[in-house]
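Asks: Place chain B on chain A using the hints.
Here the protein sequences come in this chain order: A and B. Under the working numbering, the first residue of the first sequence carries the number 1, and numbering increases by one thereafter. Under the working numbering, the first residue of the second sequence carries the number 179, and numbering increases by one thereafter.
Bear in mind the hints are in silico, worked out from the structure with no lab data behind them. Among the hints, erroneous ones may be present.
Stated by the list, open to error - Pair by pair, the computed Cβ-Cβ distance ranges are:
1. B:ASN180 - A:GLU176: 37 to 45 Å
2. A:MET122 - B:ARG236: 46 to 54 Å
3. A:MET122 - B:ASP306: 49 to 57 Å
What the hints assert, rightly or not - Far from chain A, by Cβ distances over 10 Å, these chain B residues were calculated:
4. GLU182
5. PRO189
6. PHE213
7. LYS215
8. VAL216
9. SER221
10. ALA224
11. ARG236
12. ILE275
13. LYS277
14. LYS282
15. GLY286
16. GLY288
Unchecked claim - With a cut-off of at most 20 Å between alpha-carbon atoms, the simulated DMTMM-like pairs for lysine to aspartate or glutamate come out as follows:
17. A:LYS91 - B:GLU181
18. B:LYS241 - B:ASP306
19. B:LYS283 - B:GLU232
20. B:LYS272 - B:ASP297
21. B:LYS183 - A:ASP50
22. B:LYS183 - A:ASP46
23. A:LYS33 - B:ASP238
24. B:LYS220 - A:ASP50
25. B:LYS209 - B:GLU251
26. A:LYS33 - A:GLU150
27. A:LYS33 - A:ASP50
28. A:LYS33 - B:GLU196
29. A:LYS91 - B:GLU250
30. A:LYS33 - B:ASP306
31. B:LYS241 - A:GLU100
32. A:LYS59 - A:ASP147
33. B:LYS183 - A:ASP88
34. B:LYS218 - A:ASP147
35. B:LYS220 - A:ASP46
36. B:LYS241 - B:ASP263
37. A:LYS105 - A:ASP50
38. B:LYS215 - A:ASP46
39. A:LYS59 - B:GLU196
40. A:LYS116 - A:ASP50
Ideal placement from N, C-alpha and C gives every residue a C-beta, glycine not left out.
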Amino acid sequence: MEKIGPVAKMVIGANRFEHFQVENHGMDMMSGKIILTVPSILSYLDVVIDVMETYARMKRVPCEKAAKLSSAVAEVCVNAMEHGNRLDPSKDIVMTMVWEESQFKVSIRDFGKGDKEPSISMPDITKQIEDKELSGWGLFLASRFVDRIEVKSVPNDGTTTTMTVYTEDQLNNRIEAQ
Amino acid sequence: MNEEKTSLTIPSIFGNEEILVETVGSVARIKGYPFEKVNKLKSAVAELSVNAIEHGNRNDPDKNVVMTISCEESAMRVSIRDYGDGRLDPDFSKPDIGKQVADKKLGGWGMYLVHTLVDEMNIDAVPDEGTTTTVIIRN
Chain A
1 MEKIGPVAKM VIGANRFEHF QVENHGMDMM SGKIILTVPS ILSYLDVVID
51 VMETYARMKR VPCEKAAKLS SAVAEVCVNA MEHGNRLDPS KDIVMTMVWE
101 ESQFKVSIRD FGKGDKEPSI SMPDITKQIE DKELSGWGLF LASRFVDRIE
151 VKSVPNDGTT TTMTVYTEDQ LNNRIEAQ
Chain B
179 MNEEKTSLTI PSIFGNEEIL VETVGSVARI KGYPFEKVNK LKSAVAELSV
229 NAIEHGNRND PDKNVVMTIS CEESAMRVSI RDYGDGRLDP DFSKPDIGKQ
279 VADKKLGGWG MYLVHTLVDE MNIDAVPDEG TTTTVIIRN
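In isolation and in its complexed conformation, chain A is listed as follows:
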């Protein structure tokens, strides 16, 4: 083998995949899904958003919807890192993206305690001002940016937040059905 510049090595036949085991985390690894795993480090939020936006662009999600979804994913991801995984870099955040029948679904999962299901309803601003303590707005805002949001917490197994946006056709069908 001719060596040109950088180091090159080729190994055929030996089982050298040990270093390459991707933790399943109980996620469904079936095809059709895009699954991203990052450590709970805030700078990795950029990676999560870049990947989500790239896939949304590929699937031609309308710009405005993609931008809103991007804001929602950012809010949910920061929540997952800070409140779920308590910024423990050894704990992962898993984003799963699925595009099916004109709906785009993005799930963010943490591996925190999962003991308290967060509320997506609008916080009581008057009470929060009186108490001089503002909180709980992230998830409420995220819910306003997408067509559907679901939060599922499992004690000792973390929290998964699933956000869905529909294309116009899908949205019209759903409105008609109601």
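Replies: Just chain B now, kept in the frame of chain A:
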């Protein structure tokens, strides 16, 4: 700095390589690698991803391509794994352009180009299990 691991799994559908490329570019950017190095790494990953989808998994959407990125103190290691027959015989050497033109058959430039874009490159091919290509850049 402890090792930081990122992984991405995609089905083998042509076009999905763009997600792998953006992911690796994004991680390299937040880790502060210079613009030129990031761009070369993205080009290398683009080539390897297309290889994994087309030649490794034969465009079978039921087969995944898995990319793992490990960031260490002074290096970034990117591995791309397919689940093909693992019987590829990649060659890093520069193809003989004169002979290829004479034979009217061009090929084998991908791995050579990738090899020139990164600091180190390894290929592990296991028959019936697939192929993992690892590229490393150092800062």
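Asks: Work down the list of hints and note, for each, if the structure agrees.
Replies: Hint-by-hint comparison with the structure:
Checked against the hint of 37 to 45 Å, the C-beta distance between ASN180 (chain B) and GLU176 (chain A) comes to roughly 53 Å, which is inconsistent with it. Distance hint check for MET122 (chain A) and ARG236 (chain B): the Cβ-Cβ separation is about 51 Å, which falls inside the suggested range of 46 to 54 Å. Between MET122 (chain A) and ASP306 (chain B) the Cβ separation comes to about 56 Å, which falls inside the hinted range of 49 to 57 Å. Separation of GLU182 (chain B) from chain A is inadequate, the least Cβ-Cβ distance of about 5 Å not exceeding the 10 Å criterion.
Distance to chain A contradicts PRO189 (chain B) as a non-interface residue, since its nearest Cβ pair spans about 4 Å, not more than 10 Å. The claim that PHE213 (chain B) is not at the interface with chain A holds, since no C-beta of that chain comes within 10 Å of its own (minimum 16 Å). With a least CB separation of 12 Å from chain A, LYS215 (chain B) remains clear of the 10 Å interface cut-off, as annotated. Residue placement check: VAL216 (chain B) keeps its beta carbon more than 10 Å from all beta carbons of chain A (closest about 12 Å).
With a closest Cβ-Cβ approach of about 14 Å to chain A, SER221 (chain B) is found to remain outside the 10 Å limit, as its non-interface label requires. Every CB of chain A lies more than 10 Å from the CB of ALA224 (chain B), the least distance being 13 Å, so the non-interface label holds. At the 10 Å boundary, the C-beta of ARG236 (chain B) stays outside the reach of chain A, the nearest C-beta of that chain being 14 Å off. With 10 Å as the threshold on Cβ separation, the claim that ILE275 (chain B) sits away from chain A holds: the shortest Cβ distance comes to roughly 14 Å.
Residue placement check: LYS277 (chain B) keeps its beta carbon more than 10 Å from all beta carbons of chain A (closest about 15 Å). No beta-carbon of chain A is positioned within 10 Å of the beta-carbon of LYS282 (chain B); the least distance is around 24 Å. The Cβ of GLY286 (chain B) sits about 12 Å from the closest Cβ of chain A, beyond the 10 Å cut-off, so the non-interface label holds. With a closest Cβ-Cβ approach of about 14 Å to chain A, GLY288 (chain B) is found to remain outside the 10 Å limit, as its non-interface label requires.
Of the supplied pair hints, the one linking LYS91 (chain A) and GLU181 (chain B) holds, its CA atoms being roughly 13 Å apart against a limit of 20 Å. With a C-alpha separation of about 13 Å, the suggested pair LYS241 (chain B) and ASP306 (chain B) falls inside the 20 Å cut-off, and the hint holds. Restraint check for LYS283 (chain B) and GLU232 (chain B): satisfied, since their Cα atoms lie roughly 19 Å apart, inside the 20 Å limit. Between LYS272 (chain B) and ASP297 (chain B), the direct Cα distance comes to roughly 17 Å. Compliance with the 20 Å bound is thereby established for this hinted pair.
Annotation: proposed proximity of LYS183 (chain B) to ASP50 (chain A) holds, straight-line Cα distance about 17 Å (limit 20 Å). Distance check on the hinted pair: LYS183 (chain B) and ASP46 (chain A) sit about 15 Å apart at the alpha-carbon level, within 20 Å; holds. The hinted pair formed by LYS33 (chain A) and ASP238 (chain B) meets the criterion: a straight-line CA distance of about 14 Å does not exceed 20 Å. Straight-line distance between C-alpha atoms of LYS220 (chain B) and ASP50 (chain A) comes to about 14 Å, which keeps the hinted pair within the 20 Å bound.
Straight-line distance between C-alpha atoms of LYS209 (chain B) and GLU251 (chain B) comes to about 10 Å, which keeps the hinted pair within the 20 Å bound. A hinted pair counts as satisfied when its Cα atoms are at most 20 Å apart, and LYS33 (chain A) with GLU150 (chain A) qualifies at roughly 18 Å. Only pairs whose Cα atoms come within 20 Å are accepted, and LYS33 (chain A) paired with ASP50 (chain A) is accepted, the gap being roughly 17 Å. Distance check on the hinted pair: LYS33 (chain A) and GLU196 (chain B) sit about 15 Å apart at the alpha-carbon level, within 20 Å; holds.
For a cut-off of 20 Å, the pair hint linking LYS91 (chain A) to GLU250 (chain B) stands: about 17 Å separates their Cα positions. Proximity of LYS33 (chain A) to ASP306 (chain B) is assessed by CA-CA distance (about 24 Å); at most 20 Å being required, the pair is judged violated. Distance check on the hinted pair: LYS241 (chain B) and GLU100 (chain A) sit about 18 Å apart at the alpha-carbon level, within 20 Å; holds. For the hint linking LYS59 (chain A) to ASP147 (chain A), the alpha-carbon distance of about 17 Å falls within 20 Å, and the restraint holds.
With a C-alpha separation of about 13 Å, the suggested pair LYS183 (chain B) and ASP88 (chain A) falls inside the 20 Å cut-off, and the hint holds. Pair hint LYS218 (chain B) plus ASP147 (chain A) does not hold up; C-alpha atoms about 39 Å apart against a cutoff of 20 Å. A hinted pair counts as satisfied when its Cα atoms are at most 20 Å apart, and LYS220 (chain B) with ASP46 (chain A) qualifies at roughly 17 Å. Note on LYS241 (chain B) and ASP263 (chain B): the hinted pairing holds, with a Cα-Cα distance of about 12 Å set against a maximum of 20 Å.
In summary, the hint linking LYS105 (chain A) to ASP50 (chain A) is supported, as the alpha carbons are separated by about 16 Å, within the 20 Å threshold. Among the hinted pairs, LYS215 (chain B) with ASP46 (chain A) is consistent with the structure: their alpha-carbon atoms are about 19 Å apart, no more than 20 Å. Under the criterion of a C-alpha separation no larger than 20 Å, the hint pairing LYS59 (chain A) with GLU196 (chain B) is consistent with the structure, at around 12 Å. Straight-line distance between C-alpha atoms of LYS116 (chain A) and ASP50 (chain A) comes to about 29 Å, which puts the hinted pair past the 20 Å bound.
The structure is inconsistent with the numbered hints 1, 4, 5, 30, 34 and 40, although it conforms to all the rest.
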